[in-house]
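J.: Here is how the chains run, residue by residue.
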Amino acid sequence: GQQLNQSPQSMFIQEGEDVSMNCTSSSIFNTWLWYKQEPGEGPVLLIALYKAGELTSNGRLTAQFGITRKDSFLNISASIPSDVGIYFCAGQLSRGAQKLVFGQGTRLTINP
Amino acid sequence: DAGVTQSPTHLIKTRGQQVTLRCSPISGHKSVSWYQQVLGQGPQFIFQYYEKEERGRGNFPDRFSARQFPNYSSELNVNALLLGDSALYLCASSLTRTGGRTGELFFGEGSRLTVL
Chain A
1313 GQQLNQSPQS
1323 MFIQEGEDVS
1333 MNCTSSSIFN
1343 TWLWYKQEPG
1353 EGPVLLIALY
1363 KAGELTSNGR
1373 LTAQFGITRK
1383 DSFLNISASI
1393 PSDVGIYFCA
1403 GQLSRGAQKL
1413 VFGQGTRLTI
1423 NP
Chain B
834 DAGVTQSPTH
844 LIKTRGQQVT
854 LRCSPISGHK
864 SVSWYQQVLG
874 QGPQFIFQYY
884 EKEERGRGNF
894 PDRFSARQFP
904 NYSSELNVNA
914 LLLGDSALYL
924 CASSLTRTGG
934 RTGELFFGEG
944 SRLTVL
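The listed protein sequences correspond, in order, to chains A and B. Per our numbering, the very first residue in the first sequence carries number 1313; after that it's consecutive. Per our numbering, the very first residue in the second sequence carries number 834; after that it's consecutive.
Misleading hints may appear alongside valid ones.
[Unchecked claim] Cβ pair distances, simulated, as ranges:
no. : chain 1 : residue 1 : chain 2 : residue 2 : range
1   : B       : G873      : A       : N1387     : 23 to 29 Å
2   : B       : N904      : A       : I1392     : 26 to 32 Å
3   : A       : T1380     : B       : T847      : 31 to 37 Å
4   : B       : E887      : A       : P1424     : 24 to 30 Å
[Unchecked claim] Some chain B residues well away from chain A (every beta-carbon gap over 10 Å; in silico):
no. : residue
5   : Q850
6   : S860
7   : K885
8   : G889
9   : N912
10  : G917
[To be verified] Derived pair list, reagent style SDA-like, types lysine to any residue, alpha-carbon separation capped at 25 Å:
no. : chain 1 : residue 1 : chain 2 : residue 2
11  : A       : K1382     : B       : N892
12  : A       : K1382     : B       : K846
13  : A       : K1363     : A       : I1392
14  : A       : K1382     : B       : R890
15  : B       : K846      : A       : T1336
16  : A       : K1363     : B       : N892
17  : A       : K1363     : A       : Q1315
18  : A       : K1363     : B       : G936
19  : B       : K846      : A       : G1397
20  : A       : K1363     : B       : K846
21  : A       : K1382     : B       : Y883
Simulated from the structure, these hints should not be mistaken for lab results. Note that the structure is a prediction, hence the values are computed from the model and not measured. C-beta: ideal position from N, C-alpha, C; glycine also.
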């Protein structure tokens, strides 16, 4: 089946550091999304990308849709303790279908 | 405003039993999707329902079934439970059944199923 390769699998950083994670796929996606999941909760949508090359920000978060439509990255600037969680990328294969394909997640741990 | 609500939040079953999970979408949302999230992995698509009809199905056996009611709430049923069915089952709702901005998915907190 379709797979997204997300890296790194885990990150241990100091508070205040910047974070970068990315996602690659062998398939072309029309939409890339980034979700955050905290323990005991469902994924929460952070950023949605709809056009190849699109760069979008949401506060300290910035994400880009790769020009080939096969990759995306998420950056978090000046990390704070509440950024702790698991970050998932997700791709949508076609505009007519709603099915999302998720990556394996990046677990972010922040040392105060 | 209430988000996506799921019940029960936790449940324990034994192999061979059957389970029914319930989901109420955000008010006004007509599409409901179900995902399975095994520990340590990303969610995997099981079903999408829109206007009470199945609109998509993932690579899951026929033991998995679902339905959507006139009020757009949904149930996921799993028969003949296996140990490998232990997972967090997530329900997500959206305004429309397609992708794009109106198709953005909002997830509930999930139902954690443990099969012994």
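J.: Each hint: holds or not?
T.: Comparing the hints with the structure gives:
no., hint, verdict
1, G873/B / N1387/A: 23 to 29 Å, "holds, 24 Å"
2, N904/B / I1392/A: 26 to 32 Å, "violated, 40 Å"
3, T1380/A / T847/B: 31 to 37 Å, "violated, 48 Å"
4, E887/B / P1424/A: 24 to 30 Å, "violated, 48 Å"
5, Q850, "holds, 24 Å"
6, S860, "holds, 17 Å"
7, K885, "holds, 16 Å"
8, G889, "violated, 5 Å"
9, N912, "holds, 23 Å"
10, G917, "holds, 16 Å"
11, K1382/A / N892/B, "holds, 22 Å"
12, K1382/A / K846/B, "violated, 40 Å"
13, K1363/A / I1392/A, "violated, 29 Å"
14, K1382/A / R890/B, "holds, 23 Å"
15, K846/B / T1336/A, "violated, 37 Å"
16, K1363/A / N892/B, "violated, 28 Å"
17, K1363/A / Q1315/A, "holds, 20 Å"
18, K1363/A / G936/B, "holds, 15 Å"
19, K846/B / G1397/A, "violated, 29 Å"
20, K1363/A / K846/B, "violated, 44 Å"
21, K1382/A / Y883/B, "violated, 28 Å"
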